[in-house]
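Undergrad: As you go down the protein sequences, you meet chains A and B in turn. For the first sequence, the tail end lands on 349 under my numbering, and the numbers increase by one without skipping. For the second sequence, the tail end lands on 597 under my numbering, and the numbers increase by one without skipping.
Don't take every hint at face value.
Some chain B residues close to chain A (C-beta under 8 angstroms, calculated; not the full set) [said to hold, decoys possible]:
no., residue
1, LYS290
2, GLU350
3, ARG500
4, LEU504
5, GLY511
6, HIS513
7, LYS516
8, ASN517
9, PHE590
Distance windows between CB atoms, simulated [what the hints assert, rightly or not]:
no., chain 1, residue 1, chain 2, residue 2, range
10, B, MET423, A, LEU294, 46 to 52 angstroms
11, B, ARG506, A, SER63, 29 to 35 angstroms
12, A, GLU174, B, GLY408, 53 to 59 angstroms
13, A, SER327, B, GLY408, 41 to 47 angstroms
14, B, GLY352, A, HIS173, 39 to 45 angstroms
15, B, ILE440, A, HIS173, 53 to 59 angstroms
16, B, GLY408, A, HIS173, 28 to 34 angstroms
Everything labelled a hint here was simulated from the structure, so no lab data went into it. All residues carry an ideal CB built from backbone N, CA and C; glycine is no exception.
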Amino acid sequence: MNMSALEITAEPHVGEVVMQATDLTVEVSTERGWVTIVDSVDLTVNRNEVVGLVGESGSGKTLTSLSVMGLLPKNARISRGSVDLMGQRISDMEERKLADVRGAKAAMIFQEPRRCLNPAFTVGDQVAESLRRHRGWSRKRAMQHTIELFKLVEIPQAEHRVKQYPHEFSGGMCQRVMLAMAIACDPMLLIADEPTTALDVTVQRQVLELIRRLQAELGLGVLLITHDLGVVAEMCDRVSVMYAGQVVEEAPADELFHNPQNPYTSALLQSMLEPSRRGEPLGFIPGLVPAPHEFPATCRFQDRCRHAVEETCRQTIPLTSVAPGHLSRCARAAELDLPGVRA
Amino acid sequence: MVSSMTRFIGKRLLLAVPTIILVTLLVFVLMELSPTDPAAVLAGDNPTPERLAEIRELHGFDRPFLTRYLEWGWNALQGDFGVSPVTHQSVLADLMYRLPITASLVVLALFFSLVMGVVLGTVAALNKGGVVDWLMNSIANLLMAIPPFVAAVLLVLFLAILSPVFPATGYADLSTGIGPWLQFTTLPALSLAIIPGALLTRQVRGALVDALEEDYVRTARAKGLQRRLIVGKHAAKNAAVPVVTVLGLVITQMFGGAVVVERIFAIPGLGSVSVESVLNGDLITLQGLVLLVAVLVTVVNLCVDASYGYFNPRLRTR
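Chain B on its own, in the form it takes in the complex (with noise of 0.2 angstroms):
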């Protein structure tokens, strides 16, 4: 069993590469056509045809850009991604230190969104039909329709100025201790929370609903079970596959909805680099960030594939 899950996720790993690699090249592609000049970037203010000659010879500007690509590829995989033009950081140091951050903002709005989704999807399921379960799905259906952006607003005006509860803006790390961290990311956590959080209350609500109908759940009352264990084992983890399905989706949307929440709470996570270095012309950390975000995709999904052998044994052997 172990063996076969190594092997299985080796050709995951395997399968990713060429993912990974098309991404980058993609991205490489669509900064070749950009108006942005990046010897323009880095000369600095009106500076002379001649010194742009000269930064593009200095940086290689000038070279093919397959060249380019494979240069830069190649030390990607040695884990140099460069240093930015702007920053004059080593990229990799700049994103290693707002990785964090961003993933501390996804893994709580995650948290928030499963309590969310997994209490008012339990809840409507075993009300099915009732009024109960309408009422949750009309719930689920208003908040589908609250972008993050909207949400955080409304969020900062009710509870950080009408009621200063939370601070409206900032960010303490979590090495400060959990409680300013939880502080500062609670607001934009929910932000971010609440669509994958609506859209996770119908899928656990479907799934649970299907499961519930099944014999096996027949047979776990007719061993006298009580309801708890039918509910929250017997049909909860032939329930998990289309909701774990959905919460890599809704991971990776996350990661998507920060960079306009962390601009919105002067955050400084991977959303304020990616913005800051599209406004700055810095495509040396945006290549970086994108690698990285192409990364953090496929293993998630990685994951996500994974945890279908736990729930469903029956793919194991296949």
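Bound conformation, chain A alone (with noise of 0.2 angstroms):
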């Protein structure tokens, strides 16, 4: 009894946790050096979950998705902290290596599909490709496979469909292709960086679900970088609050919109459109986020906090659990009485 409790408390996740970040740090280059983007990021994807990163733009979620992906462009570097896929540590591996991961066990999908697929090549070609490089199946073969693949998201004709080229399938279409790409070797982490942003919002809908039944059916991991909270109300299970390069709350998402515990957080949800609401006027937050070289060492929403108190404020605050599985990083968590979203 006490032995087989003991080995489920000390390796509580094993073959659970699909990917892990830990301490992560990234920084740019810039006129004024090298620049902190993201700071100190704990991130964990388990299999089976959809993990939603939610902020506005320039609060490094692209980044942080990048970096997991061991894609940071050539002017930006990991410079602290580890991500680990699959128990396997990436951060430090060489391109060469990292190029064997990318694709078979983690799998990213981006904003714009069109601009995303090579207008040259034929989708299916695109495909097959990742196929026949992580497989080393023969053309036809990974062509074969393909078309599966295209029914799997949906896309009609597939037979048909496979020889064409971008420019000759709508924006919806384009995302599936990459979506096919994404799952063609059976990548246990699915990045999904605004998929749906570029998309009309018909579309949009449908994309989501695509996504939602691919996880299910694969038993993915999935990453969902979104700066609409109404895509994450709908798709995650798990949400991190990023600001400033900072994570400021992590909760299951239930918890998150009705009991937010950032300030940062209650005034995104105020800002969010939602009938129980109508004929209100709708929230915003005053200010800009600011610059990534002026980031504070204390509370960086504090200027732009409603709830912000000079002596409590003014200190670095630490991400601290506020709840089992709910963080938060803010000084004042425990005394606030914040606002969520009405149920």
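Using the supplied hints, reconstruct the complex from the two chains, each of which is provided in its own coordinate frame.
TA: So this is what it looks like as structure tokens:
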């Protein structure tokens, strides 16, 4: 009894954790030198789970996701911390080995799917390429499987469509092609960076439902990057909210929406369009996200925060647990009663 | 797809007809205005005025300009370019004998310039902003300032005279074997290839740098593709369009450059013919040559345009 309990607690998530970023810190080269954009981010994605990464533009969410894939641009680098994929340390892996992991164990889809597909090659070729690369399949075999993948992502007339070029596809269909490409080699992690932002509203929903379905069928861990809290509400099991390069709150999605423990999250929720608040003025957050080279060592949100108090907030605020599985970076989290989304 | 391609080529060929007519007409006008009297060329030394008039009548030089042009055009259409008054040979046969010589020279020069442009340009693009990039750019700028006749003289000096690796002048036909042919064509082809190679270096670098910044390159990386596939397949096919455009210009310029280079290396190609026929006042050969070159340029441009459809599928459906 004791022994087995010990074993379980000693290895709580073996086989479960798909991606783990620990103390991840990313710097970007600017004319001011190396500036920290992503600051000590801890992020975990488990199997069979959709984790939302939310924040305004400039909060560092895209750089976070790119560093998880080892796709940082040349002017950016991981200066501290680590990223593990299926227990494998990838943050210090050399490019050649990293390329074996990308597309095989972790895959990524992006905003503006049409720009992400090469206009000079057929979509089928671009999906099959992944299978030929990682599985070593012949052109013919890879193309046959690509047709199956197209059916899986609900592209009608798959046999015919694989031979077409990206310009013959709508934006939503392009994102389906990207998804087919992403799941081609049965990865464990799917990173979706604003996957529906550039799409029509009606198409958005279809693509989100498809991601959800693929996630459930394939048991994927999904990291969904978005600035749209509506998308988060629909899709995510857990949410991390980023502000100015830091995670400021992390919680199960339901709890985050109904019981936010950080003024920034609360303010974001108040700026959401909701049918129940019809007729009331829409909330907004005054001011702008500070520029990365001006990130203060103290609370980074205090200049825009309605609840900021001189003494309390003018210090380095750690990310602390406010409830089981619920973290917040706010000195006043315990004393504030922040409004969330109405039930 | 095939039928749209055929239609495209057919349309382009039709559009080329007025261009060719205009070019030949223009040359006919220029010759009309030139001080060279074709009858005098035929008559030999010190002809009597009666003899000149006789020749004019015999060859129809006294007929109206337009009649002569139309007659020439009609004959040319049937493959009869006339007979050279100087060599007394069929102009078409002469040109067809010389065309492969110049064409093979241009093809070799094209090969040299492409290798240079693709290698230097790719190396520069992959090291964008670095020392290597700067070095490649400097080399290209330097080579850009060396016209074919200077290059030819320098190459002969260093590779034929100071260290006799290649013969200084002369020509061996391809039918005598690749080896001898290369011996005689390497230096002329190199002289022709230098400026185009520098131009292509810049073009390849620019096009590749642009392509490598596209989102689909990030997708290719996210897929785990090896660098050689990302650059050699995904970026290259998109970068090819601007490069091929320059390539078309370069080919036609090479035919121009061949005039000087063939002269220097004593290669009996189209370039030599053009110089000889001008010096001899051989207007009939010259006219045939102009027609041939106009057709060549049209064909090259057509190939360039047709290749766009291959590199950019978006153009096919339009």
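Undergrad: Each hint should be assessed against the structure and marked as holding or not.
TA: Hint-by-hint comparison with the structure:
Because the beta carbon of LYS290 (chain B) sits about 22 angstroms from the nearest beta carbon in chain A, more than 8 angstroms, this interface hint is broken. A cut of 8 angstroms between beta carbons decides the hint on GLU350 (chain B): the least distance to chain A is about 49 angstroms, and the hint is violated. The interface hint given for ARG500 (chain B) is met, as the beta carbon of that residue sits about 6 angstroms from the closest beta carbon of chain A, less than 8 angstroms. Contact between LEU504 (chain B) and chain A, as hinted, is supported at the beta carbon level, the nearest pair being about 6 angstroms apart and thus within 8 angstroms.
Taking 8 angstroms as the C-beta cut-off, the interface hint given for GLY511 (chain B) is violated, the closest approach to chain A being about 13 angstroms. Residue-level restraint check for HIS513 (chain B) holds (minimum Cβ-Cβ distance to chain A is 5 angstroms; threshold 8 angstroms). Proximity of LYS516 (chain B) to chain A holds as hinted, the smallest CB-CB distance being about 4 angstroms (cut-off 8 angstroms). The beta carbon of ASN517 (chain B) comes within 5 angstroms of a beta carbon in chain A, closer than 8 angstroms, and the hint placing it at the interface holds.
For PHE590 (chain B), the interface hint holds, since its Cβ comes within 8 angstroms of a Cβ in chain A; the closest pair sits about 6 angstroms apart. In this structure the supplied range 46 to 52 angstroms holds for MET423 (chain B) paired with LEU294 (chain A), their Cβ-Cβ distance being about 48 angstroms. For the pair ARG506 (chain B) and SER63 (chain A), the beta carbons lie near 30 angstroms from each other, so the given range of 29 to 35 angstroms is met. Taking the beta carbon of each, GLU174 (chain A) and GLY408 (chain B) are about 36 angstroms apart, not inside 53 to 59 angstroms as hinted.
Roughly 46 angstroms separates the CB atoms of SER327 (chain A) and GLY408 (chain B), a value that falls within the hinted 41 to 47 angstroms. Look at GLY352 (chain B) against HIS173 (chain A): about 44 angstroms separates their beta carbons, and that is inside 39 to 45 angstroms. For the hinted restraint 53 to 59 angstroms between ILE440 (chain B) and HIS173 (chain A), the CB-CB distance of approximately 57 angstroms keeps it satisfied. For GLY408 (chain B) and HIS173 (chain A), the hinted distance range of 28 to 34 angstroms is satisfied, since their beta carbons lie about 32 angstroms from each other.
Comparing the model with each earlier hint shows violations of hints 1, 2, 5 and 12; every other hint is respected.
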